[in-house]
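Let the sequences and hints guide you as you build the complete structure.
If you want the building blocks of each chain, they are given just below.
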Amino acid sequence: MGLQAYLTLAAVVFGIGLFGVVTRRNTIGILLGIELMLNAVNINLVAFARFGGNEVGMIFTVFAICITVAEAAMGLAIVILLFRIRRTVMADHLDLLKG
Amino acid sequence: MRGALLSLAAVLGPAAAFLVLAVVAPLRRSGRLAGYFSILAAAGSLAAAVGAWRSQEGATRMVWDWLPSQGRALATLGVLADESSTIMLVLVALVALLVQIYSLSYLDHEPPRSLGRYYTYQSLFAFSMMGLVIAPNLVQLFICWELVGLCSYLLIGFWYQKPEAARAAVKAFWTTKAGDVGLLIGIVLLWQQSGTFDLGEMRVMAGGSELPLAGLSLITFCIYLGAMGKSAQFPLHVWLPDAMEGPTPVSALIHAATMVTAGVYLLHRLDWLFALTPDVLLIVAWIGAITALIAAVLACVQDDIKRVLAYSTVSQLGYMMAAIGAGFSAAGFFHLLTHGLFKALLFLGAGAVIHAVGSNDLSRMGGLLRRMPQTATVFIIGTLSLAGIPLFAGFLSKEEILGAVWAGGLAGPFAVLMLVAFLTAFYMFRVVFLAFFGVPAPRPAVAVSGFSPMGGGIHHPEHASHEHDPPAPMLLPLWMLALLSMAVGIYFTFEHGEPEFTSPAWLTPAAVAAAAAGIVLAWLTYQRRAIDAATLASFFGPIRRAALAKFWIDDVFEGIVAAGALALSRLVGWVDRYLVDGVLNVVSAWTVSTGDEMRSIQTGRAQDYVYGLAVGLLLLLVWVRWSLP
Numbered sequence: 162m163g164l165q166a167y168l169t170l171a172a173v174v175f176g177i178g179l180f181g182v183v184t185r186r187n188t189i190g191i192l193l194g195i196e197l198m199l200n201a202v203n204i205n206l207v208a209f210a211r212f213g214g215n216e217v218g219m220i221f222t223v224f225a226i227c228i229t230v231a232e233a234a235m236g237l238a239i240v241i242l243l244f245r246i247r248r249t250v251m252a253d254h255l256d257l258l259k260g
Numbered sequence: 019m020r021g022a023l024l025s026l027a028a029v030l031g032p033a034a035a036f037l038v039l040a041v042v043a044p045l046r047r048s049g050r051l052a053g054y055f056s057i058l059a060a061a062g063s064l065a066a067a068v069g070a071w072r073s074q075e076g077a078t079r080m081v082w083d084w085l086p087s088q089g090r091a092l093a094t095l096g097v098l099a100d101e102s103s104t105i106m107l108v109l110v111a112l113v114a115l116l117v118q119i120y121s122l123s124y125l126d127h128e129p130p131r132s133l134g135r136y137y138t139y140q141s142l143f144a145f146s147m148m149g150l151v152i153a154p155n156l157v158q159l160f161i162c163w164e165l166v167g168l169c170s171y172l173l174i175g176f177w178y179q180k181p182e183a184a185r186a187a188v189k190a191f192w193t194t195k196a197g198d199v200g201l202l203i204g205i206v207l208l209w210q211q212s213g214t215f216d217l218g219e220m221r222v223m224a225g226g227s228e229l230p231l232a233g234l235s236l237i238t239f240c241i242y243l244g245a246m247g248k249s250a251q252f253p254l255h256v257w258l259p260d261a262m263e264g265p266t267p268v269s270a271l272i273h274a275a276t277m278v279t280a281g282v283y284l285l286h287r288l289d290w291l292f293a294l295t296p297d298v299l300l301i302v303a304w305i306g307a308i309t310a311l312i313a314a315v316l317a318c319v320q321d322d323i324k325r326v327l328a329y330s331t332v333s334q335l336g337y338m339m340a341a342i343g344a345g346f347s348a349a350g351f352f353h354l355l356t357h358g359l360f361k362a363l364l365f366l367g368a369g370a371v372i373h374a375v376g377s378n379d380l381s382r383m384g385g386l387l388r389r390m391p392q393t394a395t396v397f398i399i400g401t402l403s404l405a406g407i408p409l410f411a412g413f414l415s416k417e418e419i420l421g422a423v424w425a426g427g428l429a430g431p432f433a434v435l436m437l438v439a440f441l442t443a444f445y446m447f448r449v450v451f452l453a454f455f456g457v458p459a460p461r462p463a464v465a466v467s468g469f470s471p472m473g474g475g476i477h478h479p480e481h482a483s484h485e486h487d488p489p490a491p492m493l494l495p496l497w498m499l500a501l502l503s504m505a506v507g508i509y510f511t512f513e514h515g516e517p518e519f520t521s522p523a524w525l526t527p528a529a530v531a532a533a534a535a536g537i538v539l540a541w542l543t544y545q546r547r548a549i550d551a552a553t554l555a556s557f558f559g560p561i562r563r564a565a566l567a568k569f570w571i572d573d574v575f576e577g578i579v580a581a582g583a584l585a586l587s588r589l590v591g592w593v594d595r596y597l598v599d600g601v602l603n604v605v606s607a608w609t610v611s612t613g614d615e616m617r618s619i620q621t622g623r624a625q626d627y628v629y630g631l632a633v634g635l636l637l638l639l640v641w642v643r644w645s646l647p
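Chains as they are written, first to last, in the working numbering: chain A, 162 to 260; chain B, 19 to 647.
Since the hints were derived computationally from the structure, they do not count as laboratory data. Just so you know, not all the hints are guaranteed correct.
As the list claims (entries may be wrong) - Chain B is nowhere near these chain A residues, computed Cβ spacing over 10 Å in every case:
#	residue
1	V174
2	V182
3	V183
4	I189
5	L197
6	I246
7	A252
Stated by the list, open to error - Straight-line distance between alpha carbons at most 20 Å, and here's what the computed EDC-like set of lysine to aspartate or glutamate pairs gives:
#	chain 1	residue 1	chain 2	residue 2
8	A	K259	B	D297
9	A	K259	B	D614
10	A	K259	B	E615
Beta carbons: idealized from backbone N, C-alpha and C, even for Gly.
Below, the structure written as structure tokens:
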């Protein structure tokens, strides 16, 4: 399996994540989509590191995973706060910035 | 060279006086001292002018380059001293000097500041008028032309607190300005055709028929428009009678003897140019005759002594223009000179009467011959001269004009001018009989109460009860002018120059008969009372009514101006309401509606923005893929 296959996989995962972000009504579902997109990027990094022979990509991926965890924690905390204030986590109800 | 130098000195005298009076405020505010200073300059100017006139042999000129352009001067400043400019210079200097002396006494009740202002303006006027007279080119002439217009404005509005005077000043300024635009256009067009402003060079070109004749009629007509405004030709004559709101000496100097004749003088200066365009000359002649007739008719119905004289001035200016139109500008110029003498005399005489009676109204005068014998004598001399009685100056020049118009083959204007000669004698002797003969009018109490129809300061209650001849500073100019107009008349009666044309033998008797008939009619009506004035008036019913309404010329002008202003404001209002406001409204409405459309994009939902981002990213990728090599 060459680099092409990994990149295709990453693209597919990214597409699924993006689809989730755009279509899910539940905020938690959107967060999950974001996680998928980030992981697609991680796959890219690892694949390039493996086939490009540069280990920095691997190390960078470890950092990215850590940051993603922190981001997920932050995101969930915001969702809980949001639920406390608005009594809903449906994204299409959260349109206070509507013009 | 001597003539030119002396002419220059004559011009610079009043210029220096004006500068000193304008700059040295204490001298100006001292009033009488400023007057003496100005009179001194005017006297020096007169001496230089007479010297220039006596030492005249042919034309001498001195010019300095001015407005350098492409290696040569676009215009020059200087002096052109020839026969007509030096004699005109003498007339201007003489009348200016006499009027300034006269004003010392006439305006002695003015506050010193006003008097100083008056003499400053007088000096400026003398300078500008003489600068106009000696101008060797049209640029200098035009500048001085405007300067005399300014002085006229300032001096008509001398009593500027009086609303009528202020309005008359503005009216005079605007009306003459309407003509001046024509003059300016004419000068520029002429410069385009000939490439020079210089009168001498232009004359050589005209003589050598180097001037293209095509379009020349337009040029001369434009120049005539300027003369029409300045010399109060129909229909631009409306300002001159109103200009009588100024002090009487000003009327004598500016609105009788000198400035209003500038138009005639201009046409006389350019007679070689006008000779090339006979069609315009015909217009000049006819308008001159019409002006003379209209003004003479108007003069017959006026009750204000100064307005009679003002209309008479308009009428005589029409005479001069008619002679120029007939192609004999020398005759018109001769009448200009004699008219300058006797009309200044008449105005100053009228001023003495007004000074004594405290009113301009003819019905408030009467029987003044016994109380003001000297004034009456000089006034009658002036009247005889204006009426055209032999041995007086006006007789010769008027007869010469009639002869010129006849010789020019203009039968229509000739007939009109003969009628005007009759009318002139009639209205002038009407004034004489009403003011100096007959029974003294009862002096109404209002004259003693300090009310002055002449505005500020010249009314003196003591004069109202003690009418007598004026003091020496006023009498001296009167006698000077009276003697001069008689001397000129007698001199030219016996010393006849070579005539340019032959007048028919019946002309002199006919002209004298017309004048005599006018005098007799006035005598019968206002002295013997054989003809009732009211009957005479009702005989000319419609004409009289029309004349009392000034032939509605002022109304027509006012109507045109008012209607024009109204139409213009309507147009401007429409443009403002529908064009300016319209553009603004469209722009703002468009902004609002576009914003309204665009705001639906801003849903406030994060997912929509992400969707937008994703689509944008995709498009960017496609673009990068296809645009990069």
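Results of checking the hints against the structure:
{"no.": "1", "hint": "V174", "in the structure": "holds, 15 Å"}
{"no.": "2", "hint": "V182", "in the structure": "violated, 5 Å"}
{"no.": "3", "hint": "V183", "in the structure": "violated, 5 Å"}
{"no.": "4", "hint": "I189", "in the structure": "holds, 14 Å"}
{"no.": "5", "hint": "L197", "in the structure": "holds, 13 Å"}
{"no.": "6", "hint": "I246", "in the structure": "holds, 16 Å"}
{"no.": "7", "hint": "A252", "in the structure": "violated, 5 Å"}
{"no.": "8", "hint": "A:K259 x B:D297", "in the structure": "violated, 82 Å"}
{"no.": "9", "hint": "A:K259 x B:D614", "in the structure": "holds, 13 Å"}
{"no.": "10", "hint": "A:K259 x B:E615", "in the structure": "holds, 13 Å"}
When each numbered hint is compared with the structure, violations occur for hints 2, 3, 7 and 8.
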